[in-house]
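Here are the chains, one letter per residue:
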Amino acid sequence: MTYTYIGKDRRRVEDPRLLVGRGGYIADLGVPGMLHAAILRSPLPHAWIRSIDATEALRLPGVVAVLTGEDCKARMNPCMSFGPATITQYPLAVDKVRYVGEAVAAVVAESRYLAEDGVDLLKADYEELPPVTDPMAAMEPGSALLHEEHGSNIGYERTFEFGDVTAAFAGADLIVEDTLRWGRSAGMPLETTGAVAQPGFNGVLEIYCNSLNFSYFVFLIAATLRIPSNKLTLRPVPAGGSFGSKLAAHKVPTLAGFLALQTGRPVSYVEDRIDHLENSDHHGCDRIYEARMGFRADGTIVGLDIDVVDDYGAYMQFGVGHHGNAFSQVVGPYRFRDVRYRLRAVVTDKCQQGAYRGFGSEVHNWVLERLVDEGAARLGLAPEEIRRRNFIQPDQFPYKIPGGNLYDSGDYPAVLDKALSMIDLDRWRAEQRRLREEEGRHIGIGLATTQERSVFSATEFWFLLEKPTFPLTSSPESATVTIDPTGQFQLLLHCQSMWGNSPETVGATLLAEEFGIPPESVNVRYADSAHALPGTGPGGSRYTAMVAGAIRGASRKLRQKLVHIAAHTLEVAPEDLELVDARVQVRAAPETGLTIAELAATAYFFALGLPEGMTSGLEESFTYDHPYTTLPAPDGSDLGVFYPIMGHACHIAVLEVDPDTGMVSFLDYVAVHDAGTIVNPKSLGGHVTGGATQGIGTTLYEELAYDADGRFRSSTFRDYLIPTAVEAPAFRIGHVQTPSPFTEYGIKGGGEGGRMVAPAAVSAALDDALREYGMRVRQLPVKPWEIVATVQAGRTAQGWV
Amino acid sequence: MTTLSAARYGTTRRTVTVRVNGRDVTRAVSTRITLADFLRDELDLVSVHLGCEHGECGCCTVLFDGHSVRSCLMLAVQADGHAVETVESLSVDPAKLHPIQECFAEEQGLQCGFCTPAMLLRTKEIIETGRELTDAEVRHEISGILCRCTGYQNIVNAVQSAGARLRGRAAGGRDP
Numbered sequence: 001m002t003y004t005y006i007g008k009d010r011r012r013v014e015d016p017r018l019l020v021g022r023g024g025y026i027a028d029l030g031v032p033g034m035l036h037a038a039i040l041r042s043p044l045p046h047a048w049i050r051s052i053d054a055t056e057a058l059r060l061p062g063v064v065a066v067l068t069g070e071d072c073k074a075r076m077n078p079c080m081s082f083g084p085a086t087i088t089q090y091p092l093a094v095d096k097v098r099y100v101g102e103a104v105a106a107v108v109a110e111s112r113y114l115a116e117d118g119v120d121l122l123k124a125d126y127e128e129l130p131p132v133t134d135p136m137a138a139m140e141p142g143s144a145l146l147h148e149e150h151g152s153n154i155g156y157e158r159t160f161e162f163g164d165v166t167a168a169f170a171g172a173d174l175i176v177e178d179t180l181r182w183g184r185s186a187g188m189p190l191e192t193t194g195a196v197a198q199p200g201f202n203g204v205l206e207i208y209c210n211s212l213n214f215s216y217f218v219f220l221i222a223a224t225l226r227i228p229s230n231k232l233t234l235r236p237v238p239a240g241g242s243f244g245s246k247l248a249a250h251k252v253p254t255l256a257g258f259l260a261l262q263t264g265r266p267v268s269y270v271e272d273r274i275d276h277l278e279n280s281d282h283h284g285c286d287r288i289y290e291a292r293m294g295f296r297a298d299g300t301i302v303g304l305d306i307d308v309v310d311d312y313g314a315y316m317q318f319g320v321g322h323h324g325n326a327f328s329q330v331v332g333p334y335r336f337r338d339v340r341y342r343l344r345a346v347v348t349d350k351c352q353q354g355a356y357r358g359f360g361s362e363v364h365n366w367v368l369e370r371l372v373d374e375g376a377a378r379l380g381l382a383p384e385e386i387r388r389r390n391f392i393q394p395d396q397f398p399y400k401i402p403g404g405n406l407y408d409s410g411d412y413p414a415v416l417d418k419a420l421s422m423i424d425l426d427r428w429r430a431e432q433r434r435l436r437e438e439e440g441r442h443i444g445i446g447l448a449t450t451q452e453r454s455v456f457s458a459t460e461f462w463f464l465l466e467k468p469t470f471p472l473t474s475s476p477e478s479a480t481v482t483i484d485p486t487g488q489f490q491l492l493l494h495c496q497s498m499w500g501n502s503p504e505t506v507g508a509t510l511l512a513e514e515f516g517i518p519p520e521s522v523n524v525r526y527a528d529s530a531h532a533l534p535g536t537g538p539g540g541s542r543y544t545a546m547v548a549g550a551i552r553g554a555s556r557k558l559r560q561k562l563v564h565i566a567a568h569t570l571e572v573a574p575e576d577l578e579l580v581d582a583r584v585q586v587r588a589a590p591e592t593g594l595t596i597a598e599l600a601a602t603a604y605f606f607a608l609g610l611p612e613g614m615t616s617g618l619e620e621s622f623t624y625d626h627p628y629t630t631l632p633a634p635d636g637s638d639l640g641v642f643y644p645i646m647g648h649a650c651h652i653a654v655l656e657v658d659p660d661t662g663m664v665s666f667l668d669y670v671a672v673h674d675a676g677t678i679v680n681p682k683s684l685g686g687h688v689t690g691g692a693t694q695g696i697g698t699t700l701y702e703e704l705a706y707d708a709d710g711r712f713r714s715s716t717f718r719d720y721l722i723p724t725a726v727e728a729p730a731f732r733i734g735h736v737q738t739p740s741p742f743t744e745y746g747i748k749g750g751g752e753g754g755r756m757v758a759p760a761a762v763s764a765a766l767d768d769a770l771r772e773y774g775m776r777v778r779q780l781p782v783k784p785w786e787i788v789a790t791v792q793a794g795r796t797a798q799g800w801v
Numbered sequence: 001m002t003t004l005s006a007a008r009y010g011t012t013r014r015t016v017t018v019r020v021n022g023r024d025v026t027r028a029v030s031t032r033i034t035l036a037d038f039l040r041d042e043l044d045l046v047s048v049h050l051g052c053e054h055g056e057c058g059c060c061t062v063l064f065d066g067h068s069v070r071s072c073l074m075l076a077v078q079a080d081g082h083a084v085e086t087v088e089s090l091s092v093d094p095a096k097l098h099p100i101q102e103c104f105a106e107e108q109g110l111q112c113g114f115c116t117p118a119m120l121l122r123t124k125e126i127i128e129t130g131r132e133l134t135d136a137e138v139r140h141e142i143s144g145i146l147c148r149c150t151g152y153q154n155i156v157n158a159v160q161s162a163g164a165r166l167r168g169r170a171a172g173g174r175d176p
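Listed in order, the protein sequences are those of chains X and W.
Here the working numbering is used: position 369 in the first sequence is 369, and no number is missing along the way.
Here the working numbering is used: position 14 in the second sequence is 14, and no number is missing along the way.
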């Protein structure tokens, strides 16, 4: 299929306003009479709240109100949650605090400065409880409890088995076994989460927020605030990055709404960086694995056995959806059929887990690739060779994996071959040997692959539960296309506003393709929740594929209307007409036709010139449901098809390690991705490099660290280290395009793959660089001093003095 | 109480004159307001973005007498008698971008736009040194500003492309 606009490196339509500093972020928004809120955060990991004395704070001129968990308990319902009903949460802690940084009170004042002054004057009194920080100890019967009503610190426990792992392992020539730990990091966008809430016309509460997914779930926030759902309007505001952290963040808009309702005034609450680091909704995964993989002597993988303990922190807002993501690609790109997966989700005195680019599938991929690499090393196979031997082949699609999900299409050998040819592996391996022998330098080459599941179905919100209370199956996306009376195009998106992705560029490009108009001429807007059609928003690499379906559906209806007006006006049959370059023309006589502008004028102004039964105007909406999903089996033996639009990637990292300092620097980095049909290759490349850099951060630098006493050690950007331009490699990007047979235009998602594979590639490269010292990455992030310790231990073992 | 809080919370004000984007601005400012908040809240220069407010992310970078500073770590009163440039000094018209902004658009050296004003100003400062830089040197020069979206590759490309274009112009070369 050849396209005019799709697949070209075009400038983004979002960029001009961003380049002049008018991004329209939440902190830029001012409302007349607006007050500002600041929060008091808990200094303790686990304690009863005895009292909060606001006397002095309320005496400070400019302070309007102080609200605490007591007010929440009395005047609002618990926040929305996909977790156990006995684990409840409010935006301000009720009765007890469960992690350092949890909000216990909010001060509302005439300026942010005064609100923070007010926070300084609050006096909170606590009764300390034993901190619960080690998830393994938290599961012991004698452990202190976070949620007394829940009765245990285990929020979820279940074992899934697809196939017969015991039988598969009985036939294995080699079983590799490892304890692997994935440390806690987070999306950590440079803009925090914020909301402005104002009591509006007719008793409606309006909340402007830079986090708003799931337009069809807004009623949940209304329920929390105890107002009728038709009296709440959420207005999407552009975000300065998300990476998961702005996926349905609930505390911030709920708190702003509550404060506005209680004061009767507009209130802005924008997290500061410390709030975001300590108290966001979205710390990333934090897991301990006991993992085993079986192999035959020729490298064939025969099975996978996983026992994972996931440290969810204090609350479980998103349930255990992170593991549904692992099940979507549980065998990776490999053919083995037998999988056992035991999951225990544990609550501890840490900030809650939410979403971070990969949503758990990135962790599973790292574990899978760690085991494959160990198997390859033990069997004497090259990393690329063991993968090649196990790949699902291009002629095997659509391919149903153990557990029930389906892979729609792919060509994994082609992606691997492209990555190998771009990196020139033989040359690097020769150079690695030369540099080690001649200059004593330690170069490592790491190769890893990943599946990149995209376009989730809502069944994954509940299918891991034995008794789901709300077995939702909808995850739609909508678009409204309007041609105005002069022929200009408006595109209305029913989702969270731009957060660094390119929804406007995608929409404008697709409309250009459908109607032959210049993409730059399209104006894109975002619907507020009062006007929104069903939408799920960006997340799980779904938006481009899903909105493309919605835009194409609306465009078809609009094209048909244009053609029928033209047929009526020109007195020809509709089937003899075609739409080319913003003009409907007679196929056999292209010089006869009408422009979209001419047809628009007729549609709006000359009702008597329209075909009988047609009404005025040129606006069409379309709601696109998930293109391919099936119901899970009630007994959990098959989870159904829920994440079938399957991308793939291969990264090869070449890095150098300084064995004396543990510092890592990149010499080369190739990333090849297959995200189906690409709308804008440069934009996709940007997501790959951005995601991969976050994956490098997860592997080497970033950690939301709690010590054994539950103190938080990462409260600033001086402690939480985001890679700078110096740490990030000079990337080289390659694309392979295997169109999806299920989506419009064949688009697949591509937003998360970079982060889903980089940790595995970098871990492999570190092992490779320091193989002579027995290096094996088992825990992320890998700290410089751990590298140095491994080198020193290795040298001691080799008899160095 | 009022006197106490005035002393404790700095409600005293002082008149300052700051040259902002080429024009003198005189205002009575709170002695404790940061330069960043002064630019954002009192002058509506909302391109100055606050990412951390503790001097690590660099998103609030402005040019202060031509040199990049973190405006969250300065008080407005410290700017009295000095010149401050924000990205509005390049162009405020999305249809008529400055060449540096053009190069960022062409190379897609941005995604969410939050670090972008800081990156643009830093790029201007780097280019004005007149020195041609390697990619590795560019990376070092922009390492004081975090970007969480791009992985920096497209920013490096944009800085290099803007440098070539503006140096070419300064040297009387052809504008590519």
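Warning: the hint list may mix true and false statements.
No farther apart than 25 angstroms at their CA atoms in a straight line, the calculated lysine-lysine pairs in the BS3-like style are these [to be verified]:
| # | chain 1 | residue 1 | chain 2 | residue 2 |
| --- | --- | --- | --- | --- |
| 1 | X | LYS467 | W | LYS96 |
| 2 | X | LYS73 | X | LYS418 |
| 3 | W | LYS96 | X | LYS73 |
| 4 | X | LYS73 | X | LYS231 |
| 5 | X | LYS8 | X | LYS467 |
| 6 | X | LYS8 | X | LYS400 |
Stretch by stretch, here's where chain X covers chain W in the computed footprint (C-beta under 8 angstroms, at least three residues) [said to hold, decoys possible]:
| # | stretch |
| --- | --- |
| 7 | 20-28 |
| 8 | 55-65 |
| 9 | 94-105 |
| 10 | 147-161 |
To be clear, the hints were calculated from the coordinates, so they are not data collected in a lab.
It should be emphasised that the depicted structure is a prediction, and the values quoted were computed from it without experimental measurement.
The beta-carbon is built from N, C-alpha and C at its ideal position, and this holds for glycine as well.
Verification of the hints:
no., hint, in the structure
1, LYS467(X) with LYS96(W), "violated, 59 angstroms"
2, LYS73(X) with LYS418(X), "violated, 58 angstroms"
3, LYS96(W) with LYS73(X), "violated, 53 angstroms"
4, LYS73(X) with LYS231(X), "holds, 21 angstroms"
5, LYS8(X) with LYS467(X), "violated, 48 angstroms"
6, LYS8(X) with LYS400(X), "violated, 33 angstroms"
7, 20-28, "violated (count 0)"
8, 55-65, "holds (count 3)"
9, 94-105, "holds (count 6)"
10, 147-161, "holds (count 10)"
Hint compliance for this structure: hints 1, 2, 3, 5, 6, 7 are not met, and every other hint is.
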